[in-house]
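Okay, here's what each chain looks like letter by letter:
Number of protein chains: 2
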Amino acid sequence: MQYFSIDEIKGWDRFYRANFINSLQGFKPVSLLGTVSENGSPNLAIFSNIIHIGADPVLIGFINRPVEAAPHTIQNIELTKQYTINHIQPSFVAAAHQSSAKYPADQNEFTATGLTPVFEENCKAPFVAESAIKYGLQLVEIVPITHNRSSLVIGAITHVFLEEGLVKQDGFIDAYKAKTITSLGIDGYYSTEPISRFDYAKPGKATTKLSDG
Amino acid sequence: MQYFSIDEIKGWDRFYRANFINSLQGFKPVSLLGTVSENGSPNLAIFSNIIHIGADPVLIGFINRPVEAAPHTIQNIELTKQYTINHIQPSFVAAAHQSSAKYPADQNEFTATGLTPVFEENCKAPFVAESAIKYGLQLVEIVPITHNRSSLVIGAITHVFLEEGLVKQDGFIDAYKAKTITSLGIDGYYSTEPISRFDYAKPGKATTKLSDG
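These protein sequence lines map, in sequence, to chains A and B. Going by this note's numbering, the first sequence wraps up at 213, each residue one higher than the last. Going by this note's numbering, the second sequence wraps up at 213, each residue one higher than the last.
Certain hints may be false.
[To be verified] Cβ-Cβ distance ranges computed for the label pairs, FRET-style: (1) B:Pro57 to A:Ala112: 29 to 37 angstroms; (2) A:Ser91 to B:Glu38: 47 to 55 angstroms; (3) B:Tyr3 to A:Asp106: 14 to 22 angstroms.
[Said to hold, decoys possible] Which stretches of chain B does chain A cover? Using the computed rule of at least three CB atoms under 8 angstroms from a CB of chain A, they are: (4) 24–36; (5) 43–51; (6) 70–77; (7) 82–94; (8) 148–154; (9) 158–164; (10) 187–198.
Just so you know, the hints here were simulated from the structure itself, not pulled from any lab data. All values reported here derive from a predicted model rather than from experimental measurement. Yeah, the Cβ is synthetic: ideal placement off N, Cα and C, and Gly gets one too.
Isolated chain A (complex conformation) (with noise of 0.2 angstroms):
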């Protein structure tokens, strides 16, 4: 094993640091984060600090870089109170990443990359239509994290969208079937094989496969 101490990751280039750190907590859930701005101009962003809060009530966090580093979308989401997490496929990857790019905030990301707004009853945030798996979401807390001046943004889901036949039978939503793909690190992109589904695990009893995948 290689063993690295603080002491020397501190002492590393600043992007090679962050290209370090960024791929050690392993594969995240990337995803297509939507707004719209007060005066209504659509902002797409790519967000890989995803995360599941509760399923009750449902709530997902995301977090959001200190405000000067990534200031639309939260800005977006503080005035409108709404926005959209929308899953990447493959054929749009390269059209996801590049709305990494730092525009600025006049600039419709949309018409930028090439991605297809699509708005929906009930959320003023666009979809993108290229995506088989999104959900809209309303603001419910933006929790400050004091030690980076990030933040923890917490939205309780208002919709759901998803292609056709995916869910199965026990309520599992099929990503893999939908080619939803995963990302390491700042700018590596994988798509996913499955191993296993197990068996709800209980004491004295070995693990038991659910299915293959």
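We have chain A; now place chain B onto it with these hints.
This is chain B only, laid out in the frame that chain A set:
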């Protein structure tokens, strides 16, 4: 597209809803969290809600469910201030899943699942010997999430251990080469396949591939 309103989702049976909602944000960085109780008993538990918070300072968070539903890991972290996060490889995915069983507090999940604890200098918590990518953390803050009584546990990285040959020239950690798995929903586990890495995106310039994975 199939549409699901939040009112429809709220009406579902809680297991069906939990499967659906836990799948919705896509593929997650599933890992094993190692802790030790005040009297020195090792604890191991599987978590998929792990999130990058920042690279400077190096902060990683995870969501702990309400304490009464998932007490041991968070109580050990509050007492000892240290914990480890260990990637999962396919060779021990069944043992890793088995650690989700509700064992009593004094049951050592390493013994119960057959995984091997390993202790390193300046870290009270055990690492998982079988894991190819693992890191130790010092507790920074437990942020309460009032809406569902879960918590965002924030830690600063203190140690990183990697199998030889995983760090690329730019600091990127090749978790694909390490065979790190990702999870979907509550009980689905997946391997990955590289799509590509992309260059730093700039406005007005098409995204270019850096490499195929």
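Looking back at the numbered hints, which does the structure fail to meet, lowest number first? Numbers 3, 6 - these are the hints that the structure violates, sorted from lowest upward.
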